[in-house]
Amino acid sequence: MASNNGGLDLGSLLGGLLGDKGGGGSAGSVLTSLLAAFTKGQSGSAGGNPLGGLLEQITKSGLVSQEQVESWVGKGENKSLTPDQVKEALPDVTLQKVAAESGVTPDQAAQDIAGALPTAVDKLTPDGEVPGLTLDQLVEQQKL
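In this text, residue positions in the sequence shown follow the numbering used here: the first is 211, and each later residue adds one.
Honestly, I wouldn't trust all of these hints.
Stated by the list, open to error - Now the in silico label distances, taken between C-beta atoms and shown as ranges: (1) Q318 to S271: 14 to 24 Å; (2) P341 to Q276: 13 to 23 Å; (3) K285 to G342: 15 to 25 Å.
Stated by the list, open to error - Simulated crosslink set (DSSO-like; lysine-lysine; CA at most 30 Å straight-line): (4) K289 to K333; (5) K297 to K307; (6) K285 to K307; (7) K333 to K307; (8) K289 to K270; (9) K270 to K307; (10) K285 to K270; (11) K333 to K297; (12) K297 to K285.
Read the hints as simulated data drawn from the structure, not as lab findings.
Glycine included, C-beta positions come from ideal geometry on N, C-alpha and C.
All chains, full assembly: derive it from the sequences and hints.
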């Protein structure tokens, strides 16, 4: 997919939403690595909608329940995701790879995913639904 977003991917967008614009925080880096693990070899099963594709993948994998995703997207309170849920749902090799790519321990990676994912999804869905936007449109919407 050709894009004009300067090489920004969904993980970078999520990291930016979490305040990792300079790359200094580990949460954005961990989310970027996690997304790469989930989307490797896939061409966006949600019709080119990267956020919809992400939510579909993390639900199918068992990382989160549909109820959790709906709470993050909806306008009410976000249901939490715990580091233990992350550790249970992700294969050890995936969590270790995500951690190594992010320069953190697997425990820290699980903690970062648990803390950052609900917030990032919530910020990308301010109207209570997954926007049917391309990555470029999501970036423009967030003015990153």
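Results for each hint:
1. The given range of 14 to 24 Å is respected by Q318 and S271, whose C-beta atoms sit roughly 20 Å from each other.
2. Distance hint check for P341 and Q276: the Cβ-Cβ separation is about 19 Å, which falls inside the suggested range of 13 to 23 Å.
3. Between K285 and G342 the Cβ separation comes to about 18 Å, which falls inside the hinted range of 15 to 25 Å.
4. Distance restraint check for K289 and K333: the Cα-Cα separation of roughly 14 Å lies within the 30 Å cut-off, and the hinted pair is therefore satisfied.
5. Between K297 and K307 the alpha-carbon distance is near 13 Å, which keeps this suggested pair within the 30 Å criterion.
6. For the given pair, K285 sits about 33 Å from K307 by alpha-carbon distance, which is inconsistent with the 30 Å threshold.
7. Proposed proximity of K333 and K307 is supported: the alpha carbons are some 26 Å apart, at most 30 Å.
8. For the given pair, K289 sits about 18 Å from K270 by alpha-carbon distance, which is consistent with the 30 Å threshold.
9. Distance hint between K270 and K307 is fulfilled; the C-alpha atoms sit about 20 Å from each other, no more than 30 Å.
10. Restraint check for K285 and K270: satisfied, since their Cα atoms lie roughly 23 Å apart, inside the 30 Å limit.
11. With a CA separation close to 24 Å, the supplied pair K333 and K297 stays within the 30 Å bound.
12. For the hint pairing K297 with K285, the CA-to-CA distance comes to about 27 Å; that is within 30 Å, so the pair holds.
Checked against the numbered hints listed earlier, the structure breaks hint 6 alone; every other hint is satisfied.
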